[in-house]
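J.: Using the sequences plus the hints, can you model the full thing?
Given next are the chains, with one letter for each unit.
There are 2 protein chains.
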Amino acid sequence: MNEVNDRITTELTAQMPEDWNVPSSLRESMNYSLMAGGKRLRPLLVIAACEAGGGSREAALPVACAVEMVHTYSLVHDDLPAMDNDDYRRGKLTNHKVYGEAGAILAGDALLTHAFYSVVQASRKHGIPAERVISIVEDLAEYAGPRGMVGGQVADMEGEQGLTSLEQLEYIHLHKTSDLIMFSLIAGGRVAGVTDAQLDALRTYGHHIGLAFQIQDDILDLIGDEAKLGKKTQSDVKQQKVTYPYFIGLEASVQEVARLTAEAKAVIAEGGFANSQRLLEIADYLMSRDH
Amino acid sequence: MNEVNDRITTELTAQMPEDWNVPSSLRESMNYSLMAGGKRLRPLLVIAACEAGGGSREAALPVACAVEMVHTYSLVHDDLPAMDNDDYRRGKLTNHKVYGEAGAILAGDALLTHAFYSVVQASRKHGIPAERVISIVEDLAEYAGPRGMVGGQVADMEGEQGLTSLEQLEYIHLHKTSDLIMFSLIAGGRVAGVTDAQLDALRTYGHHIGLAFQIQDDILDLIGDEAKLGKKTQSDVKQQKVTYPYFIGLEASVQEVARLTAEAKAVIAEGGFANSQRLLEIADYLMSRDH
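Protein chains in written order, with this note's numbering: chain A, 1 to 291; chain B, 1 to 291.
Think of the hints as simulated: they come from the structure by calculation, not from any bench. Heads up, some of the hints might be wrong.
One copy or two, either will do: identical chains are not told apart, so a pair holds if it fits within one copy or between any two.
[What the hints assert, rightly or not] Computed cross-link-like contacts, DSBU-like style, restricted to lysine-lysine with a CA-CA straight-line distance of at most 35 Å:
id, residue 1, residue 2
1, K238, K228
2, K241, K39
3, K97, K238
4, K232, K125
5, K238, K125
6, K125, K39
7, K125, K228
8, K125, K231
T.: Given below as structure tokens:
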């Protein structure tokens, strides 16, 4: 996976070259957050889904970069003083602490907009049919927009004033986290030109690993190793945030992660994919991660 | 033009119906700024360019709505305390004064993202070929993104710390204002399927009326009628903002507006368009406007 990770980073850099005709402070601010040491989970999923469907890694790269730009913009805006007001992310100063609030707002806007430019390059550089590319554009706008990730973020902000049910928690996680993961899988499948049944399988897989990912985050916050996580544990308890362990208990949460992971793998294993190995590995990796 | 304006407003409302599956506060916040009484200049230009090329008004509507969403998001983010910190726009409270800073940031993000969804509906609802639609997506990302409008906004923010040349002022106006106007015209032409030469003519027309629009704004701020403008004049002088009249004088600025308008009209008149009347009228209207 490290090799794929490096390829994604190279491609992200290539999309914003040093001689790019934009104000240098804007390019630096965008680049700072794109290169801030994320896991690159979402672009890895785009590539894994594309390869599962028999497509090439190279053809998946423009969409892989797009989803990383969208994920990064969402973190930059989330960290703003008016939102979560975080000074650090992954041990580095957040964007607005380095480039100011206006710089962070505009870098986020630029990353979100440029993501759609990147998607179109799947057609321009790799000949992916225009019909498939507009479906990817439509999906990205849907899963990242008001009915998707932004809607989840709004619900999360409102939830801080008193979240009451497991149903509301699931709504927030579905839209704030799973939607972009589902998009990554569906879009990778679309690049490869998989069948509608396979798109459904990728969507279900994405839904399940997205939810498992979030529950695992809640579990690690409760019982994880601070050294491995690189942050203090028990922050949810201290902030009185409602989590899966809060609602259903720690033991049931661990079982739920295992159940979701097994179901995600099963739907892919039965999907008739040309090469599903990496998708199966990613599901296992996410379940067993300790940071 | 009032009839077209009403049609745009109806379509914008239809794109965010009351039973839309998004948090109601997000829908309200998006809607508040979309319905805050703008001139709808950019969507009118999309429709005028499409009709000039022999396309239908209805087919141009998804792109017309998209450009209005992008324009609106840019105003919502520009007005934020970290940016221009404006409490009022067109006599109404700005978005963040009503929905809070987080609400305004997220409404802007949602409008920008949903704009791309709207563009794709040109294909879904009106059968515009996918090849044309991805060119429109690519253009929107280019003209509204880091190399376009966002870049212009960054340059403008930086310019407030000491703008020195007419060249810098033109860079800011080109990207902050003209880029989205040029996009509107090119996109309208693309919906209609005009020739490459006609796309060039629309781009030149857009460049010229965009610049004329901005110079006219500077002129009105200096000598306009406060009652008609609905705001105080001389604000640029008081804020020591550099403007066209500052650099080249009032008389030369008035002449420049007239020259740009005449050239814009000439390039359209000679472009071999099926129906260029409305584009010619809009150029005259913009030059003679008093608010």
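J.: Kindly indicate which numbered hints from before are broken by the structure, ordering the numbers from low to high.
T.: Structure breaks hints 4, 5, 7, 8.
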